[in-house]
Each structure stands twice: as structure tokens, then as C-alpha cells.
Amino acid sequence: MPQLDVSAFSPQIIWLIITFVILYALMAKVALPRIGNILEQRQARIDDNLDAAQSLRRESNTDAESYDQAIAGARENARLTIQKTIKEISVETAHHQEELSVRLSGELKSAEDLITDAKAAATKSIHESAASITSEAIKILIGEKPTENAIKNAVSSALSVPTGEIKK
Amino acid sequence: MADAHNPLEQFVIQTWIPIKIGDLDASFTNSSAFMLLTVVCASALMVLAVRPRSGVPGRWQLLAELSYQFIAKMVSDNIGKEGRAYFPLIFSIFMFVLFGNLIGMVPYSFTFTSHIAVTLTMAVAIFLMVTVIAFVKHGFKFFSFFLPAGVPIVLSPLMIVIEVISYFTRPFSLSVRLFANMMAGHTLLKVIGGFVIPLGIFGVVPVAGLVAVIGLEFLIAFLQAYIFTILTCIYINDAIHLH
Numbered sequence: 001m002p003q004l005d006v007s008a009f010s011p012q013i014i015w016l017i018i019t020f021v022i023l024y025a026l027m028a029k030v031a032l033p034r035i036g037n038i039l040e041q042r043q044a045r046i047d048d049n050l051d052a053a054q055s056l057r058r059e060s061n062t063d064a065e066s067y068d069q070a071i072a073g074a075r076e077n078a079r080l081t082i083q084k085t086i087k088e089i090s091v092e093t094a095h096h097q098e099e100l101s102v103r104l105s106g107e108l109k110s111a112e113d114l115i116t117d118a119k120a121a122a123t124k125s126i127h128e129s130a131a132s133i134t135s136e137a138i139k140i141l142i143g144e145k146p147t148e149n150a151i152k153n154a155v156s157s158a159l160s161v162p163t164g165e166i167k168k
Numbered sequence: 001m002a003d004a005h006n007p008l009e010q011f012v013i014q015t016w017i018p019i020k021i022g023d024l025d026a027s028f029t030n031s032s033a034f035m036l037l038t039v040v041c042a043s044a045l046m047v048l049a050v051r052p053r054s055g056v057p058g059r060w061q062l063l064a065e066l067s068y069q070f071i072a073k074m075v076s077d078n079i080g081k082e083g084r085a086y087f088p089l090i091f092s093i094f095m096f097v098l099f100g101n102l103i104g105m106v107p108y109s110f111t112f113t114s115h116i117a118v119t120l121t122m123a124v125a126i127f128l129m130v131t132v133i134a135f136v137k138h139g140f141k142f143f144s145f146f147l148p149a150g151v152p153i154v155l156s157p158l159m160i161v162i163e164v165i166s167y168f169t170r171p172f173s174l175s176v177r178l179f180a181n182m183m184a185g186h187t188l189l190k191v192i193g194g195f196v197i198p199l200g201i202f203g204v205v206p207v208a209g210l211v212a213v214i215g216l217e218f219l220i221a222f223l224q225a226y227i228f229t230i231l232t233c234i235y236i237n238d239a240i241h242l243h
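Chains A and B are the protein sequences, given in the same order.
This note's numbering numbers the first residue of the first sequence as 1 and each following residue consecutively.
This note's numbering numbers the first residue of the second sequence as 1 and each following residue consecutively.
Just so you know, these hints were derived from the structure itself, not from any lab.
Treat the hints with care, as some may be off.
Here are the simulated DSS-like cross-link-like pairs (lysine-lysine), alpha carbons at most 30 Å apart as the crow flies [stated by the list, open to error]:
no., chain 1, residue 1, chain 2, residue 2
1, A, Lys124, A, Lys139
2, A, Lys124, A, Lys87
3, B, Lys137, B, Lys81
4, B, Lys137, B, Lys73
5, A, Lys124, A, Lys109
6, B, Lys81, A, Lys29
7, B, Lys137, A, Lys29
8, A, Lys84, A, Lys119
9, A, Lys29, B, Lys141
Quick caveat, the model's predicted, so the values are computed rather than measured.
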């Protein structure tokens, strides 16, 4: 068994020490710090990017919040404006209505006055024409002319009787 | 003829350049050559394949980074924060054994991890280092390691003997496990390979077996490197934290 050849031990052990020390020096001084650095930097970069994404997300969240606030404010504003306008319109309408009713009642009054005047005039003219008709009729019937006062009294007494009673 | 077919012939140390330091034989052998090749390959992967400042790693760099993270995780899982200082050493041990095993899988190459001289030297060095760490960290409190807490006093003489024996057999179990696995695997491959030509047309049967065993051997090459490394981690952890 070549493994038990003691004369071959010392070269193996000596070269093992030489080569292993070289490997250890290369790994400890060059390779591992370098790779460690690379991994660290990469991790830092990933963390940075994640942080940036996080802050962007926060920013967009605040933006969305302020947008919502603006929308809510505008909505509130619009509601108030509508309310105010409705109030104004109703006030104005009431005002107009009042004006109109005042004018209408004035016009109504003048119209009523006109009607009463016309009624009085018409009554007067009825009395006159009735008196003249009566005097003419009496003249034709009995050939004499009655006094003006007698006719007037008769006419007014006849006219003051309600129409229904004359028929009787 | 008999020598060429000897399954153990692949393990023979051949002196390529005889070197003598005093009485000491420090010849450059096939074993030395493959140790150097291991250092070159491992360094090529870990140094040359890694481009600094590359945000996105290439294939080889990814392999280097994965090895780094694999061992870094092993160290932090098994030792914790204090393991940071031993990370380069543990990483070098892993790379050395792994590349030694894997390069040994190439036909006609040499597997230096199949030699007890190599694995025992590494294991004894680790054992001495661990013991020194334990003494530096804990002084004479280190001896409490041999008496686990909660053991009845009656059992303590027995426990101390068992613990001391198990502590001092660590370098042997560590080294023999690696050397025996590598040697057995390569011998098995050679023995099965020896059947291929004499069987003629039926040689396909051992070839199929060879394919399967080579797959297994690659697994073992990695697994033994992993076991060797994780046991080193566990020993260092014992030294730092005792029980």
C-alpha cells in the first residue's frame, strides 16, 4: 500500500504546508475580501433601491392623500355654492312674488274702483232713462205730463224693489 | 504487467524533482504537482473569475460567490459571530479538499487526499489549533470540556475517560474518514475498470457500473470535503464555546 510508504511522508507534508499556505494567503488576503466587498456592495445597492422604492411609494401615498383632500374640498365648496345659490334664488323669488302681489292688488283695487264707478254711472243712467221712459209712457197713455219729482219717486221706489218681487 | 493492473498503483508517489533540505526529503512529487494544481484552480475560480464592481455576476463569478456564501453560512450556523476570524481558514480547507478530490476524479490524475500523510497532517494541525484556541480562550477551564454538565458524580471517572479518548481520536477519525473514502472509491473504480477488457463484449456491464460509481464518486468527493469542513467548524465551535 503506497500510503504506508513512510519515506514518501516528508515530501507530501512539506508540499502540503507550502501549497496550503499559498492558498490560505490568496484566499484570506485577495479573494475573500474582494468577494465579501462585492456581496456587501450589491446588498447595499439592493437596499438603496428598496429604500428609494419605499420613499417613492410614501410620496405617492401623500400625493394621493392630498388629491383626495382636494377633491373633498372641491366637493364641499360646490355644495356650499349650490346651497347659497338656492337660498339667493328663493329670496329673489319671494321678493318678486311680493312685488307682483303688491302690484296686482293695486291693479285690482283700481279695477274695482272703475267697476263701482261704472256701476254707479249705469244705475244713474238707468234711473234717468226709466224716468224719461215713464214720463213719455204716461204722456202717451193719459196725455198729461206728471211732475218731475213724482216720476223720480215712483221710479226709484219701483227700482229699489228686488226684481223677483216685481214679477209677482 | 501485474504492476500496471494493481489497483493501488495509482496511489504511488513518484518523485519528479528530487529536493533535499539537509536530511529532509522535500522532493517535488506527483502529489506536490496536484496540490499546486489545486491551488491554481481554486485561486483561478476565486480570484480571476471575480470581476470587482460587477453588479450582475457571470457564471464563474456566481460559482465563486456561492462557494463564499456556502461556507460563510456554514461558519455562522456552526460557530456564530466569533467564527468570522476563522472563515478564511475554513474556506481554504474546504477549497483545498474539494478541488483535491475533484481533480483526482480526472482519469490518470493523482488524488493527494487519498494519502493518510496529507489528511493526517491537516487533521493534526486542526486538532492542535483547536486545542490552542480552547486554552487561550478558557485557560484551565478548558478541562471542564471533558466532564459534561449534569453527569452524576459516580459516572464522572468513566465519562472523563470516554471524553478524553473521543477528543484525542478526533484527528484520526477526521483524517481516516477522508483518506479511506477517497482511496476506496478510486480503488473500486480501478478494480471494476480491470474487468472491462477481459470480459470482451460483456464488458459493457462493468462500464455501466463504472458510470454509476463515478457519479457516486463525484458525490463523495463533494460530500467528504463538506464533512471535513463542517467537522472543523464543529471542533472550533467546541473550542470557543466548550459544551
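Structure-based check of all given hints:
1. Lys124/A <-> Lys139/A: 22 Å, holds
2. Lys124/A <-> Lys87/A: It is violated: about 55 Å lies between the C-alpha atoms, which goes past 30 Å.
3. Lys137/B <-> Lys81/B: 15 Å, holds
4. Lys137/B <-> Lys73/B: OK: Lys137/B and Lys73/B at ~23 Å, within 30 Å.
5. Lys124/A <-> Lys109/A: 22 Å, holds
6. Lys81/B <-> Lys29/A: Holds. Lys81/B to Lys29/A sits at ~20 Å (cutoff 30 Å).
7. Lys137/B <-> Lys29/A: Roughly 25 Å separates the two Cα atoms, so the pair holds.
8. Lys84/A <-> Lys119/A: Violated: Lys84/A and Lys119/A sit about 52 Å apart, past 30 Å.
9. Lys29/A <-> Lys141/B: Distance of about 34 Å is beyond 30 Å: violated.
In the structure shown, a violation is registered for the earlier hints numbered 2, 8, 9, in ascending order.
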